[in-house]
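J.: Sequences listed follow chains U, H and R, in order. Per this note's numbering, the first sequence runs over residues 154 to 400. Per this note's numbering, the second sequence runs over residues 100 to 382. Per this note's numbering, the third sequence runs over residues 121 to 372.
Note that these hints are calculated values from the structure, not bench results. Among the hints, erroneous ones may be present.
To be verified - Quick list of in silico lysine to aspartate or glutamate cross-link-like pairs, EDC-like style, CA-CA up to 20 Å:
1) U:289 / U:330
2) U:232 / U:221
3) U:283 / U:344
4) U:232 / R:228
5) U:333 / U:361
6) U:238 / R:271
To be verified - Computed list of chain R residues with no C-beta within reach of chain U, every gap over 10 Å:
7) 202
8) 223
9) 231
10) 370
In this text, a Cβ means the ideal position worked out from N, Cα and C, and glycines have one as well.
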Amino acid sequence: MQQDPAALVVLSRVEKRFGDAVVLRDISFSVARGKSVCIIGPSGSGKSTLLRCINALVPVSSGSIEIDGIEVNDPALDKIALRRKVGMVFQQYNLFPHRTALQNVMMAPIHVLKQDRREVEDRARRLLAKVGLAEKEQAYPGELSGGQQQRVAIARSLAMNPLVMLFDEVTAALDPETKKEVLVTIRQLAEDGMTCMIVTHEMGFAREVADHVYFTEKGVIVEHGPPREMLAHPREERTRAFLDQVL
Amino acid sequence: MTPLPVLLTPGRAALCRSAGYGLRGLLGGNTLAVVLAAFCFSILAGEARAEASAAGLLGVLALLLKWAPLIFQGFLFNLLVSVLSMLAGTVLGLWLGLGRVSQFAALRRASSAVIQFFRNAPWLVLLFYCMFLLPFSVTLPFATIPLPDAAKAVIGLSLPVMANVAEIVRGGVRSIPLEQWESGEALAFSRRQILWMVILPQCLRRMIPPWMNLYAILTMSTTLISVVGIQDSMTLARAALVAEGRTELFIPMYLMLLSWFFLYCYPIARWTTALERRFQVRI
Amino acid sequence: MATGMEGIADFFRWLNDAHGVNLSIFYDALDRSRFLEGLWTTIELSIICILLSLAIGILGAWFQGSRFGPVRRIVQAYIQFFRNTPPLVQLFFFYFAVGNQLPHVLDEHGMLVPPISNVGWAILSLSLFAGAFNVEIFRAGIEAVPRAMVEAAESLGYSRLGVFWHVLLPLAFRVSLPALNNNLVNLVKTTTLAYAIAVPELLYAAAQIWSEVLNVREMMNVLLVTYVALIAVLVALMGRWERALHIPGYNP
């Protein structure tokens, strides 16, 4: 893999073991600034673990992950500095139930970045408007639908002004109607130039949004390529078998 | 839902992790080690002090051993009071609890009032009340039963036990899902039959952990009788300290008494959590 | 107003003379003031101990999540010790045994007095006692918060302390509120133990009155009613507190 000078995220021979089980093996790729990549594959293929390794939620067994110059597999890693650059949105939204939507978006910039409250509030309002939830500012997560909560979660991560956004199967827990509103939000984000790494089962979405698609199975990257080609004409047998199942 | 301070909802209980099971764990593993360490340290400190003061006097450890048998008798008296109060309180509490879940609104309200009253009142105040205001003897048509101080204390302690047992019963009955009542009704059982043949047998098991918990609390509360003038391990310990008049004896003596209670109550607490876990899984 | 009060006082004096029911606290100024001071001391003691035991509970819950084994074990030992030994013996241990060992200091009159008074020891002992239960209650609440929520907070860049203070504790608090309230109510009831070391709280004041005026029966009834009413007020306040903290749509 040649080193792309514009690469924001670089993974080199990343390996992750849980005891004897090897969950990720020899993962190497890079993501250039402003590009979006989708990671697809059957469940248990290590996709979620990969995202968690990038965000240092889970330690890597060996290999290197570099994000804007910060090496993740480093005992002296400043996790807080890393997480200011990397935003992550989860399948289960994980909004803080004891705070309103607006407060959820405002919390981290105020407490972690120590930014001025009024500035943060303005920015939070704009972000909520951007994801289409301006009128739900004062609602508590318990009063919002799944899709709405997920959009608030996206806004919450964006409030930290990250360089790259990770999405871990964010529509998997939603019903079809609400899936769409979230996918539209993510697409808008990608078009605006955010670097995105998206783990998803939505092939149609991958085809439209991704600049590059990676298919993983059992912890290895089996195949990768531009979405239109790869999804229409996969080279590997395993890829074909998976796509047949899913599409 | 639960009437007692220590009981946490089983699914969320932070179960004791300091030691595994087995004798060491059951006897309090780390905590016991810390207490024993403190105990030994205090004895050694006491001994050092004693040697510094006057020669020819008994060492601290020897003093403790000298008084221990007597104080232990007092401790056994504490345990006796706890058993008697628990029995009386449980029997009374069962009936009060049944009244609390009765179908008759008046009975429910009356039981609720009684339960609330005795749960709100501090145990020491109830004890004082019984000690001062119960008669010295009860005259029945066929005999006059004298009420010694100890009996009044047992009655005094059984009142809050009664109220808490009633709450445990209520909690147990309420935890049985509605479907059980409905199936009983569908089989044409009367409410009383359902209660006795279907509901109570099921909740008996669930009521045991909180009931054991209550017993541990009661045992620790029996020391209150020393405040109202009844001789128990506390009064004997204090009397011993006064008799010896050695300040370096104070800490070891109290630590000894604390460890006796600990050795009695901690295994009960561990057993309670083990039972809780077991009964929860069974569902 | 004054005549109203006198009317009440007269009524109770009559009650005593005519029927022998001696509720001296209602017509005798000294007794009344002693009773009210005792009541106030009980309330003060309760408030201070509640606050202190909450602080201990939070600290203990934080240290119980520590990465260092010895720290966790110390917290566990503290909890198990205070939970499984009688609070009265703990109180005596602190006041008589530990207090005795502390060197005396000079007070403002130039006399040698122990550095911590009986009230001080009562506060310390009772707070440690209730604090031990609070640690467990908070820990159970913290463990009830889904791990995913912690992950989300960590992803946003919160440190361990930040996650604890801004996410775990507020949520754990709401989950543990019923058990916590239960414990705090018990704490207020346990303040009566301070009687044994001559702290001038309500029970002590009542005992003073009845030993002088010899109206044990009346004072006992008043005492019982007062405590039950006090606790009832507390329980009502707790209920209101629970409702105020309720989050729409959140059912842990």
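J.: So which hints don't hold here, by number, going up?
T.: 4 and 10
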